[in-house]
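Enquirer: Residues per chain are reported as follows:
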Amino acid sequence: MKNQKIIQLINVSKFYATEENPSVNRISLTIERGECLVLIGSSGSGKTTLLKLLNGLEKPSSGSILIKDKKIETYNIIALRRTFFGYVFQRIGLFPHMTVRENIEIVLRLNKKPRVFRTKKVNELLEFMHLNPDVYLDRYPDQLSGGEQQRVGVARALATDSECLFMDEPFGALDAVTRYDLQDEILRLKKAFKKTIVFVTHDIAEAFKLGDRIAVMNEGIIEQIGTQAEICEAPKTPFIEQLVHRGLS
Amino acid sequence: MLVGFSLFLASALAIPLGILLVRFSFLRHTILRAGSISQTIPSLAMLGFLVPLLGLGNVPALVVLTFYAIYPILRSTYTGLISVPPECIEAAEGLGFSNLQKLGWVELPLALPIMISGLRIATASTIGIATIAAFIGAGGLGDFITQGLALNNSALILLGAIPIAFLALAFDYGISQLENQFHHRKKKGSRSPRLKTILLGISSLGIVFLGGNYLYQEHITAKGTSITIASKNFTEQYILAELMAQLIEMKTPLKVVRKLNLGTTDIIHQALLKGDVDLYPEYSGTAYLTILKEPPSQSGEDIFPKVRGAYKDKFNLVWLKPFGFSNSQSLAVKKDFAQAHNLQNLSDLALIAPDLTIAAPPEFLKRPDGMLGLSQSYGLEFKNVMQVDPNLMYMAIDHQEVEVIAAFTTDGKLQKYQLIPLNDDKKFYPPYHCAPVIRATILTAYPEIYEALSVLFGHIDEEKMRRLNAKVDLEGRTPFDVAQEFLVELN
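Chains as they are written, first to last, in my numbering: chain A, 40 to 288; chain B, 1099 to 1589.
Don't read these hints as lab results, they were simulated from the structure. Think of the CB as a built atom: it goes at the ideal place given N, C-alpha and C, for glycine as much as any other residue. Treat each hint with caution, since some may be false.
Claimed, not checked - Here are a few chain B residues that face chain A, going by a calculated C-beta distance under 10 Å:
| id | residue |
| --- | --- |
| 1 | 1190 |
| 2 | 1191 |
| 3 | 1199 |
| 4 | 1210 |
| 5 | 1355 |
| 6 | 1448 |
| 7 | 1452 |
| 8 | 1556 |
| 9 | 1559 |
Said to hold, decoys possible - Example chain B residues on the side facing chain A (calculated, C-beta under 7 Å, incomplete):
| id | residue |
| --- | --- |
| 10 | 1182 |
| 11 | 1186 |
| 12 | 1193 |
Throw the hints in and build the complete structure from the sequences for me.
Expert: The following block contains the structure:
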């Protein structure tokens, strides 16, 4: 299992017409099955763009992305998103006109899964995320706290049993206690489902807590990639040294 | 129901267009701007424009109502869609919704409250405009209002206006209920079936109505023995049309379809050429100046033979024999006002006109044989000109808001409001002999019509016509009764 490449980036760059410097600049990166890779960097360092490239929401300007050794373009990207990637969004993005149940089961509905299957799945996931289904199933997002909303957001991303889970600063807007609890859920989830997780954050403590490996991004490039120990003991650049000692301000 | 169907049609056009505008930016501003300009076109002008193309009745009315309903729905669809929270769109894309699924599951449901507010605006304005559709014979409650105005009968106006107000309220209530379906959270599963029921109900009602109406029209025309009689929207025309209708019904086996209350001369003339109308009373002077567009002659010669010849050659329309009166136009003032200023002729009026305000119907103000020609001929210059409905004109002079009004010499209301028409001393107006105008093909096919109407020819002089007009305008009788009574009297 170890060392099996699930996603590979080869020399990937992304330019936006409106910006002078590339958002993502010739990045090569291998993500292995079952690991949790944390992308950390300040705002504008290109980490969200990188995540969107992985999920096909953006197309690389140059370079190529391989999913299980095949180019991402060879897949039906919409099907890929529905079955292979789960996505947890920074702004949560629950649909306000749908109940908790409808939000979680929506992708299963798009995949035409039968109702019985969906109901079972939704209940399991709510239980797993420590939300009592009897209480929460028919609530609407605006009747939930921020933490509860993101628990639903995570449950929605898990619904398809996808191999990968992409999380884009999912706990950035939550208070410290709630964030701490949810980080524990992620560790638990990783253990329980053996998911490959790509997690974007700008909180170094969060990165160290969750990441098997941490990739530090700055101005579109990955300055260093390695375990917590490697990064703490041998920071490659002054930026990383500052990050380790003082966090991002 | 015309309202319901046109809203349905407008939604069917505007909602997809709104969606396209959000997706494709290149025509967005042009279309939205064109839409807002479209709202400024007067609906009556629009109706008049469509009659030559589409004829009378429901079709042009539907087109106009749909036309005016499109923009509010289009605008609100567009606004609703662009105000969908970006995080929801991001989430939908990230989770693997196709474009169509994103639209159906996320964007449209979230845009719906705003779209429905647009629909409410469209509904209110459509109900308003629908009353005007009566002018082109689309019928409906607007008929009561326009006839009520024409006959100076406030009960009739209320008979139209009150149900229309209720209709507007009912529609608004219906739509707000529809809106609630989305605002108030329903228990699972109950939402879409109810929505479907409502939409199904609305559309099936629309179809039933249209179908029924179509069958009804078919039923009328299928007999092949019906003739359509029209009138303009004032008392004298109603009475004359009634007289002709009742005579034909009495003396021939033909069925009569009455399209009374048809707006302006132009609208009727176009309808006649299209074959939507077969017969109506017209005045030689009006035909000469408005339809044939001859310059005012000022000689006082009888233009009747000229008009008759030109109608036959140009339009294949036949002028039957005149009824016997001439309803000339003139300007009228209050009797005591005339005495105080020593007014008898229009020339006298020209001297003091710069201090006076005149009220006249829009048609009079624009016609060459109306205000334009009169003011040239007599050098009339008024302080102020008010454009009003012919029937509100009398209210205006009675309440002394104006001193002068345009008037017809056979008008029964002259007597009621103590008005006298001023003498056309320069003979600006040609004689306005009134006679039935009929399509030649109809006359050939049913020569008995001539026979039936012949008792009227030469038997209604000005005095009689004024009396008939007064019976409707002053005594509040219906044109139908007055016509019936007169026919009995003739026999």
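Enquirer: Now tell me, hint by hint, if it's right for this structure.
Expert: Right, here's what the structure says about each hint:
A distance limit of 10 Å between C-beta atoms decides the matter here; for residue 1190 of chain B the minimum to chain A is near 8 Å, and the interface restraint holds. Taking 10 Å as the C-beta contact cut-off toward chain A, the hint placing residue 1191 of chain B at the interface holds, the least distance being around 6 Å. Against a cut-off of 10 Å between C-beta atoms, the interface hint on residue 1199 of chain B holds, since the closest Cβ of chain A lies about 6 Å away. Of the supplied interface hints, the one on residue 1210 of chain B holds, with its beta-carbon coming within about 8 Å of a beta-carbon of chain A, less than 10 Å.
Interface hint status for residue 1355 of chain B: violated, as the beta-carbon distance to the closest one in chain A is roughly 51 Å, over 10 Å. Checking residue 1448 of chain B against chain A: minimum C-beta separation of about 71 Å lies over 10 Å; hint violated. Interface restraint check: residue 1452 of chain B against chain A, minimum CB-CB distance 66 Å, threshold 10 Å, status violated. A hinted interface residue such as residue 1556 of chain B counts as satisfied when its beta carbon comes closer than 10 Å to some beta carbon of chain A; here the least separation is about 75 Å, so the hint is violated.
With a least beta-carbon distance of about 74 Å to chain A, the hint placing residue 1559 of chain B at the interface is violated under the 10 Å criterion. With 7 Å as the threshold, the beta carbon of residue 1182 of chain B stays out of range of chain A, its nearest partner Cβ sitting at about 10 Å, so the hint is violated. Using the Cβ-Cβ criterion of 7 Å, the hint placing residue 1186 of chain B at the interface with chain A is satisfied: the shortest such distance is roughly 6 Å. Satisfaction of the interface hint for residue 1193 of chain B is found here, the shortest Cβ-Cβ separation to chain A being roughly 5 Å, below the 7 Å cut-off.
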